[in-house]
Amino acid sequence: MTPHNSPHADATRTYALVFAALLALMAATVAAAAFDLGALGAPVALGIAAVKAALVVLVFMHVRESSRVVWLFAAAGLAWLAILMSLTLTDYLSRGWFPDGR
Amino acid sequence: MTPHASPATSAPAPAHPAAPHGPFDDLDQQREAGLLGMWAFLATEALLFGGLLAAFAVYRLHHPDAFIEGSRHMSFWLGALNTTVLLTSSFTMALALQAARNGRRRRLALLLLATLTLGAGFLGIKSIEYAHHIHEGLVPGAAFHDPDAPRPIHVGPDIDAAFRPRLAPAGGPDESLLLAPGFAQHLQLFVVFYWALTGLHALHVILGLGLLGAIALLAHFRRLGPTPHTCVEIAGLYWHFVDVVWIFLFPVLYLLRH
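If you're matching them up, the sequences are chains A and B in order. Everything in the first sequence is counted per the numbering used here, starting at 1 for the first residue and increasing by one. Everything in the second sequence is counted per the numbering used here, starting at 1001 for the first residue and increasing by one.
Excised from the complex, chain B in its bound form (with noise of 0.2 Å):
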């Protein structure tokens, strides 16, 4: 982010009305390091997201069955349709870095909008999403419920029971399946996953709607310094970073289902 000038530190002011702020020789270098900045950061991103992506990896090839039935249970069609919304965001936080360069504040507030409304509609969406699978009881923890097996009769009070692991019972669409031993806590397993990886994205996408807020607010009132787009590009490469990782996520929860 574009510093702000330290009365102690900074330079006699310059006759030039831009100059860098802080220990920059000019404003390409004090973008440069802006960059290079959020690149470091967005590189641990990948590996935080990675290391989760990789723990998925090995317990796909340990439990095929468990987690392709994980992958079934989810819905293509809303999945794919957040996989829209993030890549139209993309686009329009791409033109509105132009539209700050081309020193056009109006539609530079437009466009940011646009990809705040978008990333807004993914929350949406994947919040019904999310309602849907507590409904289903596809949740981590003592309240997971395979949703192709029949529901238990509770005869009374039975405090242990939140805390036995549940077998799926006999009965369901593929009986072999459901009766294989651990399947139903493999599949827990792929719920697991799912959240978590879905929540630590649907928590970066929360703070990428913040920063881009703040962003629009302070690009309004003029109080970005006097080279507003760096502050732009560098939160666009967080939100397309966040869009990549989705990209990514989508077919490895949605699609691997055969």
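Just chain A, same shape as in the assembly (with noise of 0.2 Å):
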């Protein structure tokens, strides 16, 4: 067994904790969800999806509690894929700032 282990007892109850968080933001989604938010409404429902993903990520994935290189590789693969997404979204949202074409 891998020496650092935290009190097995005490991971369960973490475990549970978690999930409770994670079905009472499945509430709020779907209580969101009930009223149309405008503009608002693409990012609160992205919003608690967002939070949903840190709390699975972190908790269940345990990379909380891991070393340096795994949130090194964890840290990675969210960073590239935020450069997808937002460089690709500058470039649309930006269409039609400038009229005279440039």
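Read the hints as simulated data drawn from the structure, not as lab findings. Be a bit skeptical, because a hint or two may be false.
As the list claims (entries may be wrong) - Each computed SDA-like pair below joins lysine to any residue, with the alpha-carbon atoms no more than 25 Å apart: (1) B:1126 x B:1207; (2) B:1126 x A:46; (3) B:1126 x B:1182; (4) B:1126 x B:1085; (5) B:1126 x A:31; (6) B:1126 x A:28; (7) B:1126 x B:1139; (8) B:1126 x A:30; (9) B:1126 x A:19; (10) B:1126 x B:1143; (11) B:1126 x A:26; (12) B:1126 x A:24; (13) B:1126 x A:25; (14) B:1126 x B:1209.
Claimed, not checked - A few chain A residues that face chain B, going by a derived Cβ cut-off under 7 Å, partial list only: (15) 33; (16) 46; (17) 49; (18) 60; (19) 70; (20) 88.
To be verified - Stretches of chain B that chain A covers, calculated by requiring three or more beta carbons in the stretch to come under 8 Å of a beta carbon on chain A: (21) 1023-1036; (22) 1049-1057; (23) 1082-1096; (24) 1246-1256.
Just so you know, these numbers come straight off a predicted model, no measurement behind them. Note that the Cβ used here is the ideal one computed from N, Cα and C, for glycine as well.
Since each chain comes alone in its own frame, lean on the hints to assemble the complex.
Shown next, in the form of structure tokens:
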């Protein structure tokens, strides 16, 4: 067994708490979807999703208690994905800003 | 995964029962290498789905009306149920890893079985959705039909009709929207993205179920080496990732409907 395991009873409690939080976030998702939030609709839905994903990655995937190298690999994946999304969107979101075709 | 020892290259059997296999100094390093390998793979998977999602984002920016209409045709409750099913399966997977670390083999087997059942449940609910979409005509390709438009009456065999893009005839709930040029094609584009994204994800779920099943069997027959929890941990990373992908697919495909 690896020596740096935290006490196992605590881990079950942590997982249960995170699962409860995930269910609460699901309820929030359902509640938010009932209203037409206009321009806020996408950020709210995706924001709640980001919080759920962060909980799964940090706690269930144990990134929060992992070595720095594991953090680096996980963060690198996220960083390159962020570059893909943001640079693509800066192109398309800025179409038509300059009417003379610049 | 824990590599099997090859007799030609392993060092003489050490007195300590738990020795690493291969070029590792100790079991901790072996475990770390396994984890990093899986994380590197998951990063490539994130970019795989990310590429599809970036393309989806671009098309949604250009054709918001048709994409919103597409989202409205998705079953919100089945999608929410599926999300909850996968979140629960991540919970049982985390508990399974803990059982493996504690050496509780029977508990590990039960929790892996629970995860497998929930994953299969996800696929079952997805099939119900797919069947509904096929019945409505929300499929990519020539069989596409806008569900809000009345079906055209066929007077005879028309081979070309299968290859001609179908424009929605008048009479739907929001006539001006349905008659907008290209609306049906853009709705079809949403449908293509929906099937590509959820189909690719479902393929990952199927592979994940196979992986978990194999690990459950190997664990049962004690074939996972001196540190079986490492195998469970690495498989768990893959399963949690599949859950994270769906956590984002659900709002993107089902919830952006206003």
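Checklist entry - Can you give the numbers of the hints that this structure goes against, from lowest to highest? => result 3
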